[in-house]
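Please model the complete structure; the sequences and the hints are all you need to start from.
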Amino acid sequence: MKTFLTTTAVALALAGAASAEGKLTIYHWFEYIPQELLDKFSAEYDVEVTMDTYDSNEALLAALKAGRLGSYDVAVPGDYMVKILGDEGMLDTFTPEEMPNLGNIEDQWMDVDFDPGRKSSIPYQWGSTSFSVNTEMYDGPRDSLGLIFEPPAELAGKINVLDTSGETLTLASMYAGIPQCTSDRDQLKALNALVQGAKDSWASFGSDVAKDVLVSGDAAAGMIWSGFSAKARSEGAPVEYVFPKEGMIVWMDNVVLLKDAPNRENALKFMNFLLEPENAAAVTNYAQYTAGVKGVGEFLDPEVATSPESNPPADVKGVFVQACPEEVQVMYDAIWTELKK
Amino acid sequence: MAGAAPQGASRSEVYRGNGPRLMLPTWVFIGIFLVLPVGLMAIYSFLTKEFRGGVIWEFTWAAYDQFFLDRGLFGDEPPSIEWTYIGIFWRSIWQAGLATVLCLLIGFPTAWFIATREASARPVWLFLVTIPYWVNLLIRTVSMKFLIRDNGPLNEFLLWTGVISDPLSLINTNFAVQLGLFYSYLPFMVLPIYSAVERYDFALSEAAADLYSDNWTTLRLVILPVVKPGIVAGCILVFVPSLGAFLAPDLLGGAKTFMIGSLIEEQFKGAAGNWPFGAAAAMILLSIVMAVLLLHARAQSKEAS
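If you read the protein sequences in the order shown, they are chains L and A.
Each residue of the first sequence is one higher than the one before, counting from 41 in the working numbering.
Each residue of the second sequence is one higher than the one before, counting from 6 in the working numbering.
Derived from the structure by calculation, the hints contain no laboratory data.
Quantities reported herein were computed from a predicted structural model and do not represent experimental measurements.
Some hints here could point you the wrong way.
Simulated crosslink set (DMTMM-like; lysine to aspartate or glutamate; CA at most 20 Å straight-line) [said to hold, decoys possible]:
1. 261/A x 240/L
2. 261/A x 378/L
3. 380/L x 75/A
4. 381/L x 70/A
5. 229/L x 82/A
6. 229/L x 75/A
7. 381/L x 270/A
8. 229/L x 81/A
9. 381/L x 87/A
10. 380/L x 87/A
11. 105/L x 55/A
12. 261/A x 248/L
13. 123/L x 55/A
14. 229/L x 87/A
15. 105/L x 270/A
16. 261/A x 190/L
17. 381/L x 75/A
18. 105/L x 63/A
19. 261/A x 252/L
A few chain L residues that face chain A, going by a derived Cβ cut-off under 7 Å, partial list only [unchecked claim]:
20. 98
21. 99
22. 102
23. 206
24. 243
25. 244
26. 245
27. 257
28. 373
Every residue gets a Cβ at the ideal spot worked out from N, C-alpha and C, and that includes glycine.
Rendered as C-alpha cells:
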C-alpha cells in the first residue's frame, strides 16, 4: 500500500560521482537507514550508491516479480519474506569467505529457520510489533491486546491498525488464542468475527502513518512497530509502547543478496560493511530497533541502548509471523477483504 | 475570395496521400501506451493466478468467477451472487458521482463568474484557479488532512470563535473523502464550463428577456443547451478520475474500506498477490468507464443529427 511514500532517494557519492569505482543499487524500506551511513560506504569504497524504497514486504515481492529482479543488488526483506524469496529462487548465495564479518552475527541469529546457516542473508535489525497508547488521551489499563481487538468504549473511533493483513490478523489471532495459519473452520470464523466486531471502533488503517496518528492525537491507541514508537517518544510525544500479556510479534529484517545482482561484488562489500559493529550500531541509533550483531554495545547512544521499546520484559512471548501455505492464505485474504469491503 | 481558394487548394495538396504517414506517430503512441497495456491486462485477467503474485499461462474464468460469485469463506458453498466487490464498486461510483455533483454545483457559478468578467481580468481568475495545481496532489491531500484533524487549525479556529465547544470529528469520515475529491478535481469542472460559457452570446439572454422569459427559464431553455458540452466534459473529467482515486479515501477516509483503486492495488501489492483478479477488476472498471463515454458519444451524435 501507499505508493505515495515509496519515494525514490538517490544517494550520490560525496565527491566525484563520475569517477566512482562502481555502483550499488539498494532496495530498502522507507526511513530505515541514515544517509550518513550510505555516504560513509560511498566514500570508503568509492562506490556510487542508489536507493529505492518500498513500504511492505509484499510490495517488495510484487516489484521483484514484476521484473525488477536484476536491477537491484540488495534488498531488506523481513523474516518470512526471506523464506518466500528463497523459495521463489530470487536470492543468490555467498560463501563464508566472501563475507569476512559473518562471525559478527549473534549466535541466536546465525541459524534461523528462514535462512539456515545464513547463506543468502545477514541480520539488519530486529524488533517487535505490538501497539502503543497516547497516555495523554488514554490512561486506563493497558496490558492486553484487547485494547485493540475488544476496545473499551472510551477508545472507540480512536484506534489505528496497521494496514497489512499479516501483522493485524496475526496479532488478532494471538489475542484470540488461535494458532497461526490454522485451517480450522471454527477458529477462522472466530477470528473473522473478532476483527469484524472490532472494526467499528477503529478509526483508520495505516502503516506509514502509524507514528504520526499517535503523535498528532488522531488516534489514542494504535498498532505500531517498536522502533517507530520509540521515535515518537524521542520526539517528545507521550506515546507508550505496550508489551501485551498475550504476546507480540517479533520480526527480523535481513539484508539479502539478490539473484542476478548487477554489482555482486559491491553488494557483498556493503553487506560486510553492515556487519561492522560500528555501522550496525549507526542503523540502530537511527531506526531504534536492535542489531543482530555482536559488539554494537559501545557504539550505541545510551538512550537507544536502554530504550523500553527495545528491552522487553523477559517473560513476554514473541512469535514470528509464519508464511502460510496457499490453501490457508486464501482464507486469510478472504477475511481481510471481508473486513475492508 | 477568388485568390484565396487556389491557395487553400495548394496547401491541402501538400498533405494529399500523406495522411497515413502523418498519422503514424499517433498510431504508434496509441499502440504502445494504450492498446498494449490494456491488451496485456485483458489477457492477464483470464490467466491462472500464481501464489504470491505472478501468473500461470493457463486460461481460466476464475478471476471473474471470484468477482461475481460467492462460494463462502471456505469456497465450498453453492455459488450465489457475490456482493462484496459489487458493493466496493458501487461505493466508488456513488462517491465519484457525489463529488461530480458537488463540483458542478460550485464549478458552474465559478465558471460563469469568470466568463462574465472583463476580458482583461479573466486570465487572472483562471490563473488563480490553476495555482493549486502547481503543488503535487499528494501534498495537497496531506495538507487537507492536517487542516481538518481533531486538533488541527480548522477545529482550533472554530473552538476559539466559540462556534463549537467540542472539536468536530471530520477526519476519517466520508465527508473528509468528499472534501478531498472535491478539492482535487474542482478545476477540471471549472475550466471546460468556462470555455463553453465564454463562447455564449449574451444577446441570447437579452432576447429571451425581451420575450418575457424569467431568469430560471432562460437558464434552462437558453443557456444550458448552449453550455451543455462544457458541463458534460467537466462531469466526465471529474467522475472518471474520482472513480479510481485512492489517495483521498486512504489519507482522509482512513483506508477503512476498499475503493476500486485500493482493491486493485491490494491484488498487486498486498498479501493477496492475485494478479488475474486485479486485472479482472481493472477490466470491469474500464468497461464501466467505456460504457459511460459511449453513452455520452451516442447522445451527442443523436443531438447532432
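Hint check results:
1. 261/A x 240/L: Within the cut-off at roughly 10 Å; holds.
2. 261/A x 378/L: Satisfied, since the Cα-Cα distance of roughly 11 Å is no more than 20 Å.
3. 380/L x 75/A: It holds: about 16 Å lies between the C-alpha atoms, which stays within 20 Å.
4. 381/L x 70/A: Holds, because 17 Å separates the two Cα atoms, which is no more than 20 Å.
5. 229/L x 82/A: holds, 15 Å
6. 229/L x 75/A: It holds: about 16 Å lies between the C-alpha atoms, which stays within 20 Å.
7. 381/L x 270/A: holds, 14 Å
8. 229/L x 81/A: Distance ~15 Å between residue 229/L and residue 81/A Cα, so the pair holds.
9. 381/L x 87/A: holds, 12 Å
10. 380/L x 87/A: Roughly 15 Å separates the two Cα atoms, so the pair holds.
11. 105/L x 55/A: Answer holds: residue 105/L to residue 55/A is near 11 Å, not above 20 Å.
12. 261/A x 248/L: holds, 15 Å
13. 123/L x 55/A: Roughly 17 Å separates the two Cα atoms, so the pair holds.
14. 229/L x 87/A: With Cα atoms ~19 Å apart, residue 229/L and residue 87/A stay inside 20 Å; holds.
15. 105/L x 270/A: holds, 15 Å
16. 261/A x 190/L: holds, 17 Å
17. 381/L x 75/A: holds, 14 Å
18. 105/L x 63/A: This hinted pair holds, its Cα atoms lying about 18 Å apart.
19. 261/A x 252/L: At roughly 17 Å apart (the allowed maximum being 20 Å), residue 252/L and residue 261/A satisfy the hint.
20. 98: Holds, about 5 Å.
21. 99: holds, 5 Å
22. 102: holds, 5 Å
23. 206: holds, 6 Å
24. 243: Because about 5 Å separates residue 243/L from the closest Cβ in chain A, which is inside the 7 Å limit, the hint holds.
25. 244: holds, 3 Å
26. 245: holds, 4 Å
27. 257: holds, 6 Å
28. 373: holds, 4 Å
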